[in-house]
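Each protein sequence line maps, in turn, to chains A and B.
114 is the number that this note's numbering gives the last residue of the first sequence; the numbers go up by one with no jumps.
113 is the number that this note's numbering gives the last residue of the second sequence; the numbers go up by one with no jumps.
Treat the hints with caution; some may be incorrect.
[Said to hold, decoys possible] Here are the computed lysine to any residue pairs in the SDA-like style, where the Cα-Cα straight-line distance is at most 20 Å:
{"hint": "1", "chain 1": "A", "residue 1": "Lys57", "chain 2": "B", "residue 2": "Gly99"}
{"hint": "2", "chain 1": "B", "residue 1": "Lys57", "chain 2": "A", "residue 2": "Glu102"}
{"hint": "3", "chain 1": "B", "residue 1": "Lys36", "chain 2": "A", "residue 2": "Gln41"}
{"hint": "4", "chain 1": "B", "residue 1": "Lys57", "chain 2": "B", "residue 2": "Thr77"}
{"hint": "5", "chain 1": "A", "residue 1": "Lys57", "chain 2": "B", "residue 2": "Lys36"}
{"hint": "6", "chain 1": "A", "residue 1": "Lys83", "chain 2": "A", "residue 2": "Arg44"}
{"hint": "7", "chain 1": "B", "residue 1": "Lys36", "chain 2": "A", "residue 2": "Phe88"}
[Unchecked claim] Non-contacting residues of chain B with respect to chain A, defined by C-beta distances greater than 10 Å in every case (computed):
{"hint": "8", "residue": "Asp18"}
{"hint": "9", "residue": "Gln33"}
{"hint": "10", "residue": "Gly53"}
{"hint": "11", "residue": "Arg60"}
{"hint": "12", "residue": "Gln64"}
{"hint": "13", "residue": "Thr77"}
{"hint": "14", "residue": "Val84"}
{"hint": "15", "residue": "Phe103"}
[Claimed, not checked] Reference listing, derived: stretches of chain B covered by chain A, where coverage requires no fewer than 3 residues with Cβ under 8 Å from a Cβ of chain A:
{"hint": "16", "segment": "39 to 50"}
{"hint": "17", "segment": "104 to 113"}
Simulated from the structure, these hints should not be mistaken for laboratory data.
All values reported here derive from a predicted model rather than from experimental measurement.
Glycine included, each C-beta is placed from N, C-alpha and C at the ideal position.
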Amino acid sequence: DGGITQSPKYLFRKEGQNVTLSCEQNLNHDAMYWYRQDPGQGLRLIYYSQIVNDFQKGDIAEGYSVSREKKESFPLTVTSAQKNPTAFYLCASRPRQGSSYEQYFGPGTRLTVT
Amino acid sequence: GQQVMQIPQYQHVQEGEDFTTYCNSSTTLSNIQWYKQRPGGHPVFLIQLVKSGEVKKQKRLTFQFGEAKKNSSLHITATQTTDVGTYFCAGTDRGSTLGRLYFGRGTQLTVWP
Chain A
1 DGGITQSPKY
11 LFRKEGQNVT
21 LSCEQNLNHD
31 AMYWYRQDPG
41 QGLRLIYYSQ
51 IVNDFQKGDI
61 AEGYSVSREK
71 KESFPLTVTS
81 AQKNPTAFYL
91 CASRPRQGSS
101 YEQYFGPGTR
111 LTVT
Chain B
1 GQQVMQIPQY
11 QHVQEGEDFT
21 TYCNSSTTLS
31 NIQWYKQRPG
41 GHPVFLIQLV
51 KSGEVKKQKR
61 LTFQFGEAKK
71 NSSLHITATQ
81 TTDVGTYFCA
91 GTDRGSTLGR
101 LYFGRGTQLT
111 VWP
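Just chain A, with the same shape it has in the complex:
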């Protein structure tokens, strides 16, 4: 089955701890994205990557970091510097080539920090 996997589905952490969210895709897509979703806020872009070893900040990158060492993997680290990390985190990907900008989303990770 081709798709995007995010793990775990639910994650609980204590304040002050860094936490890394996993995102893996076997769609052979070049571009990958991380979004944060809060109630009533829609989807806000954290980071995105068009190719391996390259990534750009989105609209709310502060307190987050990413890496793109492999085409299929784009992990997101929520650092202790992120003031309000509790949220639903969505990873997405799309082919770099072609006319469609359709993004394929993973099932998401719900992070709760107390």
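Given chain A, work out where chain B should sit, using these hints.
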């Protein structure tokens, strides 16, 4: 910067009634997409519109892209309980080579049986 506004934020309808959500961009878009997110789920792509004035239909769903490519709408005829969810529009800036989407805040649709 680029902004995509979407209204209304919430819509409650009785089953069988129609529903419309509207999307407006602060800049001209190269294309617009619509996604549906069921409660507890993740966004799923519905459709992409590219041409000025384009209209596309998927069964009871009708999507329109404005002539100026700055606005769009999604209309559902005779809603069903299976239509429940949040509908997002997302646009790509004209001239963008990075493929990033700018999402509206979504319209949360509730359908009463």
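Within a Cα-Cα threshold of 20 Å, do Lys36 of chain B and Gln41 of chain A meet the stated pairing?
holds (15 Å)
If you draw a straight line from the CA of Lys83 of chain A to the CA of Arg44 of chain A, is it 20 Å or shorter?
Since the Cα atoms of Lys83 of chain A and Arg44 of chain A sit roughly 16 Å apart, the hinted pair holds (cutoff 20 Å).
So Thr77 of chain B supposedly isn't at the interface. Is its beta-carbon more than 10 Å from every beta-carbon in chain A?
holds (24 Å)
Could you grab the alpha-carbon distance between Lys57 of chain B and Glu102 of chain A and see if it respects the 20 Å cut-off?
holds (17 Å)
Is the Cβ of Val84 of chain B more than 10 Å away from each Cβ in chain A?
For Val84 of chain B, whose nearest Cβ neighbour in chain A is about 16 Å away, the distance exceeds 10 Å, so it holds.
Least C-beta distance from Gly53 of chain B to chain A larger than 10 Å
The claim stands: Gly53 of chain B keeps its Cβ more than 10 Å from every Cβ of chain A (closest is about 18 Å).
Distance rule for Gln33 of chain B, whose beta carbon must clear each one in chain A by more than 10 Å:
The claim breaks: Gln33 of chain B does not keep its Cβ more than 10 Å from every Cβ of chain A (closest is about 6 Å).
Has the given pair, Lys57 of chain B with Thr77 of chain B, been kept, meaning a C-alpha gap of at most 20 Å?
holds (11 Å)
Check the hint pairing Lys36 of chain B with Phe88 of chain A against an upper bound of 20 Å on the C-alpha distance.
Holds - the C-alpha atoms of Phe88 of chain A and Lys36 of chain B are around 16 Å apart, at most 20 Å.
Does the segment 39 to 50 of chain B contain three or more residues whose Cβ lies closer than 8 Å to a Cβ of chain A?
The restraint on the segment 39 to 50 of chain B holds, since 7 of its residues have a Cβ under 8 Å from chain A and three suffice.
Do the alpha carbons of Lys57 of chain A and Lys36 of chain B lie within 20 Å of each other, as the hint requires?
Judged against 20 Å, a Cα distance of about 25 Å means the pair is violated.
Does Gln64 of chain B clear chain A by more than 10 Å, comparing its Cβ with all Cβ atoms of that chain?
For Gln64 of chain B, whose nearest Cβ neighbour in chain A is about 18 Å away, the distance exceeds 10 Å, so it holds.
Hint compliance for this structure: hints 5, 9 and 15 are broken, all remaining hints hold.
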